[in-house]
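Combine both chains into one complex, guided by the hints.
Chains E and G, in that order, give the protein sequences.
Per the working numbering, the very first residue in the first sequence carries number 1; after that it's consecutive.
Per the working numbering, the very first residue in the second sequence carries number 404; after that it's consecutive.
Simulated from the structure, these hints should not be mistaken for laboratory data.
All clues given are correct.
Straight-line Cα separation of at most 27 Å, DSS-like style, residue types lysine-lysine; simulated pairs:
id : chain 1 : residue 1 : chain 2 : residue 2
1  : G       : Lys409    : E       : Lys378
2  : E       : Lys195    : E       : Lys100
3  : E       : Lys317    : E       : Lys375
4  : G       : Lys425    : E       : Lys378
5  : E       : Lys195    : E       : Lys94
6  : E       : Lys195    : E       : Lys220
7  : E       : Lys375    : G       : Lys409
8  : G       : Lys492    : G       : Lys460
9  : G       : Lys531    : G       : Lys483
10 : G       : Lys460    : E       : Lys378
11 : G       : Lys481    : G       : Lys526
12 : G       : Lys409    : E       : Lys317
13 : G       : Lys449    : E       : Lys378
14 : G       : Lys481    : E       : Lys378
15 : E       : Lys375    : G       : Lys460
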Amino acid sequence: MLKFPIYLDYSATTPIDPRVVDAMIPYLSEHFGNPASRSHAYGWEAEKAVELARADVAALVNADPKEIVWTSGATESDNLAIKGAAQFYQSKGKHIITLKTEHKAVLDTCRELERQGFEVTYLDVQEDGLLNLDAFRAALRDDTTVVSVMMVNNEVGVIQPIEEIGEICRERGIIFHVDAAQATGKVDIDLQKLKVDLMSFSAHKTYGPKGIGALYVRRKPRVRLIAQMHGGGHERGMRSGTLATHQIVGMGVAFRLAREEMATENVRIGLLRDRLMNGLTDIEATYVNGDIAKRVPHNLNISFAYVEGESLIMAIKDVAVSSGSACTSASLEPSYVLRALGRNDELAHSSIRFSIGRFTTEEEVDYTIDLLHRKINKLRELSPLWEMVQEGVDLNTVQWAAH
Amino acid sequence: MAYSDKVLDHYENPRNVGAFGKDESGVGTGMVGAPACGDVMKLQIKVNGQGVIEDAKFKTYGCGSAIASSSLVTEWVKGKSLDEALEIKNTAIAEELALPPVKIHCSILAEDAIKAAVADYRKHQETKGE
Numbered sequence: 001m002l003k004f005p006i007y008l009d010y011s012a013t014t015p016i017d018p019r020v021v022d023a024m025i026p027y028l029s030e031h032f033g034n035p036a037s038r039s040h041a042y043g044w045e046a047e048k049a050v051e052l053a054r055a056d057v058a059a060l061v062n063a064d065p066k067e068i069v070w071t072s073g074a075t076e077s078d079n080l081a082i083k084g085a086a087q088f089y090q091s092k093g094k095h096i097i098t099l100k101t102e103h104k105a106v107l108d109t110c111r112e113l114e115r116q117g118f119e120v121t122y123l124d125v126q127e128d129g130l131l132n133l134d135a136f137r138a139a140l141r142d143d144t145t146v147v148s149v150m151m152v153n154n155e156v157g158v159i160q161p162i163e164e165i166g167e168i169c170r171e172r173g174i175i176f177h178v179d180a181a182q183a184t185g186k187v188d189i190d191l192q193k194l195k196v197d198l199m200s201f202s203a204h205k206t207y208g209p210k211g212i213g214a215l216y217v218r219r220k221p222r223v224r225l226i227a228q229m230h231g232g233g234h235e236r237g238m239r240s241g242t243l244a245t246h247q248i249v250g251m252g253v254a255f256r257l258a259r260e261e262m263a264t265e266n267v268r269i270g271l272l273r274d275r276l277m278n279g280l281t282d283i284e285a286t287y288v289n290g291d292i293a294k295r296v297p298h299n300l301n302i303s304f305a306y307v308e309g310e311s312l313i314m315a316i317k318d319v320a321v322s323s324g325s326a327c328t329s330a331s332l333e334p335s336y337v338l339r340a341l342g343r344n345d346e347l348a349h350s351s352i353r354f355s356i357g358r359f360t361t362e363e364e365v366d367y368t369i370d371l372l373h374r375k376i377n378k379l380r381e382l383s384p385l386w387e388m389v390q391e392g393v394d395l396n397t398v399q400w401a402a403h
Numbered sequence: 404m405a406y407s408d409k410v411l412d413h414y415e416n417p418r419n420v421g422a423f424g425k426d427e428s429g430v431g432t433g434m435v436g437a438p439a440c441g442d443v444m445k446l447q448i449k450v451n452g453q454g455v456i457e458d459a460k461f462k463t464y465g466c467g468s469a470i471a472s473s474s475l476v477t478e479w480v481k482g483k484s485l486d487e488a489l490e491i492k493n494t495a496i497a498e499e500l501a502l503p504p505v506k507i508h509c510s511i512l513a514e515d516a517i518k519a520a521v522a523d524y525r526k527h528q529e530t531k532g533e
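Looking at chain G on its own, in the form it has when it is part of the complex (with noise of 0.2 Å):
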C-alpha cells in the first residue's frame, strides 16, 4: 500500500510518543480500539490551570495510519482548549494525512481518542470538586 509523505513522517519521527506519570496532576486518559480489532489509541492529555491543554502523549498499537493519526492529534491539541479540541474532526486528520478510504477508520478512532481524553480529565476535575 502507498502511504503518503505525511504518514510516513509521522510513523518514522512519531510526535510525543510516551506516558505522563501516574501521579501528575491535569491529566485525562482515553483509549479506545480493541486488540482484536487491530488497533489501540492511548492518548493523554496535561491541562493546566487556565483549561488550555498544554502538552500531550500517545501510544498506539496500530497499523501506519493509526500510529500518524494519533501523533498528529497531540501535535494538534497542544495550546487548545478542552472544547477547541473537541472539535477536531476525523475529516480533518484524515485529508491531513490523506488517507485512503480503507483507512478512514484511523483517523475517526483519533477523534474518539480526543472525545475519551477529555471526558476523562473532566470526570476526574468533577470527583475532585466534590
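If we strip away everything but chain E, and leave its shape as in the complex, we get (with noise of 0.2 Å):
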C-alpha cells in the first residue's frame, strides 16, 4: 500500500527512525535529570547517557568522544567554526576560503564575517560541481586562515574532494572546516585520515531528531575556537547552555545506527536511485545536474527541459520532492547551486531534486517513475517553448520581451 505524497526528500530531512524515538522517550520522562548536576544520581545516569552518544558520534567518523561539541544543529556548528576559528587566528590573517555553492549556513556566516572587517573568497565549481584543486590552490593566500568546503553538496549530491583538500591546508596550517551535514551515514567519514580540523553534523538528515548536531574540533593537533555561546562554560567552554540530554541521546542512536547499517543500506538506496535515474531520463531532453559518479547514492537532481519547475512539483503533489526553482518564496532567483554549475536559467528553473533514503520502496520509486512521465507529457503538451523546439526553432536565437 502506497502512502501519499511519497516522501522522496530525505535531504531536506528525514524520518526519525522509531529505534530512534524508542532511545529518546525515556529521557522526556524519568531520567529527567540535568547532566551538569554533579550531585545526585538524576544528575548522573542523564550524564552516562550523553557520554555514551558522544562516543556514537565520535565512532561514527572514527573521531575521539572528546573531540565531539554538542550544538543545536548544523548550522550552530557551522557558525562557531567559521567563526570561532577565524576570529581566534586573526592575527595570523583575515582571509577566508569557500565555495559559492555552500550552504546558506556557511555563505551567510561568511557575509557576517566581511561585515567584520574579514576578507572572504568565494570559489566557483567546476560543470560537474566538483572544486578544482588547482583553483583553489590559486586562491590561497598567506593571510588565508580558514577554509570552509562542504563534503556532500545538500542540492546536487556531488562529493568535495575532501582529502585532497585537507593535505593541501595542513601543509600551509590553514584551519579547515568542513559541512558534513548531507554526508553523515552516506560517505565514509575517517577523521584519523582526512586531514580536517572542524567538521559540523546535524542529527535530522541521519534519521535523527531535529534541534542537535555536533561540531568536531581536532585536539592532536589543537584547534582553537572564539566561543560564540556563553553562560556556565558547558561542552569545555566551547558552546554554553544545558544539554538536551533526550536530543542527545537520538543523535547517539541514530548515528549508531547509520555506523552499523549504512554499507548494506547504501547499496539498497544506490540500487533504488539507478532505478529512478534510469526511469526518469528516458523522457527526452532531461539532464541530470552534477557529477553521477562523485555522489552519494541518495540524490537524484534532474531539469526536464521545457517545464517550468513549480508548475512541475503542484503536477506531481503526490510525491514530496523539491524544486531548484525558488519560485514559492518571495524571490525569483533560480537555484544559485545549479546557476554556479553553469547551468542557464531556464534549466535552473526545470529541475527537481529527488532524496531517497531508509523507508522508499520500489514500489514508490515505480510510481513516481510513471507520474513523471505522464504529468511531463502534459506540461510539455501545455508549453509554447516545447512546442517551438519540435518545430525546431532554437531557443537561443529568439528574441524574449524579457520581464
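The structure is reproduced here in C-alpha cells:
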C-alpha cells in the first residue's frame, strides 16, 4: 500500500527512526536529570547517556569522543566553527576561502565575517559541481586562515575532494572546516585519515531528531575557537547551555544505527536511485545535474527542459520533492547552486531534487517514474517552448520580451 | 504555497489549450515573457469578419498561476471585440483567481499577452490592406 504523498525529500530532513524515538522517550520522562548536576543520581544517569551518545557520534567518523561538541544543529556548528576559528586566528590573517555552492549556513556566516572586516573568496565549482584543486591552490594567500568546504552538496549530492583539500590546508597551517550535514551515514568519514580540523554534523539528516547537532574540534593538532555562546562554560567552554539529553540520546542512537547499517543500506538506496534515474532519463530532454559518479547514492537532481519547476511540483503533488526553483518564495531567483554549475536560468528553473532514503520502496520509485512520465507529457503539451523546439526553433535565437 | 480553488481548477483542467493552424486566417498571436524569467505565454485569437474574437488558444510555460491566468483569459476574450478585449485588466484577472502578491506578475503577463495578440492581428490586417 502506497502512502501519499510519497516522501522523496530525505535531503531536507529524514523521519526519525522508530528505534531512535524509543531510546529518546525515557529521557523525556523518568530520566529528566540535568547532565551538569554532579550531586545526585539524576544528573549522573543523564551524564552517562550524554557521554554514551558522544562516543557513538565520534565512532561514526573515527574521532575521539573528547573532540565532539554538542550544538543545536549544523547551522550552529558552521557558525561556531567558521566565526570561532576566524576570530581566534585573526592575528595570523583575515582571509577565508569557501565555495559558491555552500549551504547558506556557511555563506551567510562568511558574509557576517565580511562585515566584521574579514575578506572572503567564494570559489566557483566546475560544471560537475566539484572544486578544481588547481583553482583552489591559486586562491590561497599568505593571510588565509580558514577554508570551509562542504563534504556533500545538499542540492546535487556531489562529494568534494575533502582528502586532497585537507592535505593542502595542513601543509600551510590553514584551519579546514567541513560541513558534513549531508554526509553522515552516506559517505565513509575517517577523521584519523582526513586532515580536517572542524566538522559540522546534524542529527535530523540521518534519522535523528531536529534541534541537535555537533561540531568536531580536532585535538591533535589542537584547534582553538572563540566561543559564540556564553554562560556556564558547558562543552569545555566552547558552547554553553544546558544539554538537551533526550535530543543527544537520539542523535547518538541515530549515528550508531548509521554506522552499523550504512554499508548495506547504501547499496539498496543506490539501486533504487539508479532505477529512478534510468526511469526518468528516458524522458526526452532531461539532464542530470552534477557529477553522477562522485555523488551520494541518495540524490538525483534532474532538469526537465521546457517545463517550469513550480508547475511541475504542483503536477506531482503525490510525491514530496524539492524544486531548484525558488519561485515558491518571494524571490524569483533560480537555485544559486545550479547557476554555479553553469546551468542556464531555464534549466535551473526546471529542476527537481529527488532524495531517497531508509524507508523508500521500489513500489514508490516505480509510481514516481510513471507519474513523472504522465505529467511531463501533459505540461509539455501546454508549453510553447516545447512546441517551438518540436518545430525546429533554436530558443537561444529568439528575442524574448523579458519582463 | 496554497493556491486558490480557481487556480487549481484552471491548472488541472486548462481551457483552450493548443494552437491554430499556420495558414488559418484571422489569427493574431502574442508571445510574452522569457524562459529565463520562468514564464512564457503564447496567446492566439481568431477574429471573424465582424471584428469579434470567436476563438482563442494558449500555451504557457510557467507556474500554476501563469497557466491559470492565461487559461482564464482565453475564456474572457471570446465573444469580445478587439477593443473590449483590450479593456481586460490584470487586476481583474488577479482578483478572479485570488492571486497572492508574489503572483501578480502572472496576471500582468496575461494582460500583456492580450495586447500582443491584438497588435499582431492588427498588423496582419494592415499589411493585407496595402
